[in-house]
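Model the full assembly from the supplied sequences, consistent with the hints where possible.
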Amino acid sequence: QKEVEQNSGPLSVPEGAIASLNCTYSDRGSQSFFWYRQYSGKSPELIMSIYSNGDKEDGRFTAQLNKASQYVSLLIRDSQPSDSATYLCAVRGGRDDKIIFGKGTRLHILP
Amino acid sequence: NAGVTQTPKFQVLKTGQSMTLQCAQDMNHNSMYWYRQDPGMGLRLIYYSASEGTTDKGEVPNGYNVSRLNKREFSLRLESAAPSQTSVYFCASSESSAQETQYFGPGTRLLVL
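Protein chains in written order, with our numbering: chain S, 1 to 111; chain U, 112 to 224.
Everything labelled a hint here was simulated from the structure, so no lab data went into it.
Glycine included, every Cβ here is placed at the ideal spot set by N, Cα and C.
Worth double-checking, as some hints may not be accurate.
[What the hints assert, rightly or not] Some, not all, of what chain U presents toward chain S, calculated at C-beta under 10 Å:
#	residue
1	V115
2	Y146
3	M152
4	G153
5	L154
6	R155
7	E170
8	F201
9	A203
10	Q213
11	Y214
12	G216
13	P217
14	G218
[To be verified] Computed from the model, here is a short list of chain U residues facing chain S with C-beta under 10 Å:
#	residue
15	Q148
16	G151
17	L156
18	E211
19	F215
Here it is in structure tokens:
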């Protein structure tokens with residue numbers, strides 16, 4: 001059974017600082033990695049996807065993937081109160097090719 | 112474009128009652144999915160349809176049935192609701208089963224008493 005692990009939080013970060021969210025996965029054959037953001041009472045929305053080792057930047061967001069360590073992270077620079085949400089890590093590929101979601105990390109940006 | 116729509120938004124059922132959750136997408140996507148989300152459990156896949164005419168079980172299919180009515184619509188049926196099925200249900204779609212970006216509907220909050 002493929003597993004995706006995240007610290008549930010809450011992770012509290014001062015406004016303007018860098019928020020670092022982490023995710024580990026169990027299936028070494030996994031190939032696709034995603035970060036979704038979910039505001040309270042709303043549906044998840046995709047903010048980043050990454051497929052190869054290294055960093056991928058999109059505006060204030062940077063996804064980092066290390067397949068050898070089976071680790072994927074999301075950095076949010078210049079954190080804003082509007083970034084306060086739950087961030088879901090999702091992983092696809094490997095044994096059954098289905099997308100598996102982690103339980104999410106609650107992020108709270110302190111004004 | 113409305114994207115992915117779900118009805119109803121809220122529903123209260125008594126144990127043993129049945130109901131169907133409706134989902135429709137207007138993005139001409141081939142693949143559609145049903146998830147449930149419980150506190151502390153994350154999103155779990157119930158059933159999915161890789162393309163019109165096909166359906167497959169996900170991680171937690173027991174107690175549910177699905178119908179891919181046409182390319183646009185994918186419904187989820189609870190034949191005999193149980194309190195354990197109290198949850199928020201999300202429908203999602205993607206261009207194909209190999210296209211990873213999934214677009215989610217607004218969700219249906221279901222309470223089973």
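Do the hints match the structure? See the list:
1. V115: Where the cut-off is 10 Å and the nearest Cβ of chain S is about 8 Å from U/V115, the hint holds.
2. Y146: holds (8 Å)
3. M152: Cβ of U/M152 sits 6 Å from chain S, so the hint holds.
4. G153: holds (4 Å)
5. L154: holds (4 Å)
6. R155: holds (8 Å)
7. E170: holds (8 Å)
8. F201: Nearest chain S Cβ about 6 Å off; hint holds.
9. A203: Hint on U/A203: holds, closest Cβ of chain S at ~8 Å, below 10 Å.
10. Q213: holds (7 Å)
11. Y214: holds (8 Å)
12. G216: holds (6 Å)
13. P217: Holds, about 6 Å.
14. G218: holds (5 Å)
15. Q148: OK, holds: U/Q148 within 10 Å of chain S, min 9 Å.
16. G151: Status holds, d = 6 Å.
17. L156: holds (6 Å)
18. E211: holds (5 Å)
19. F215: This interface hint holds because 4 Å falls under the 10 Å limit.
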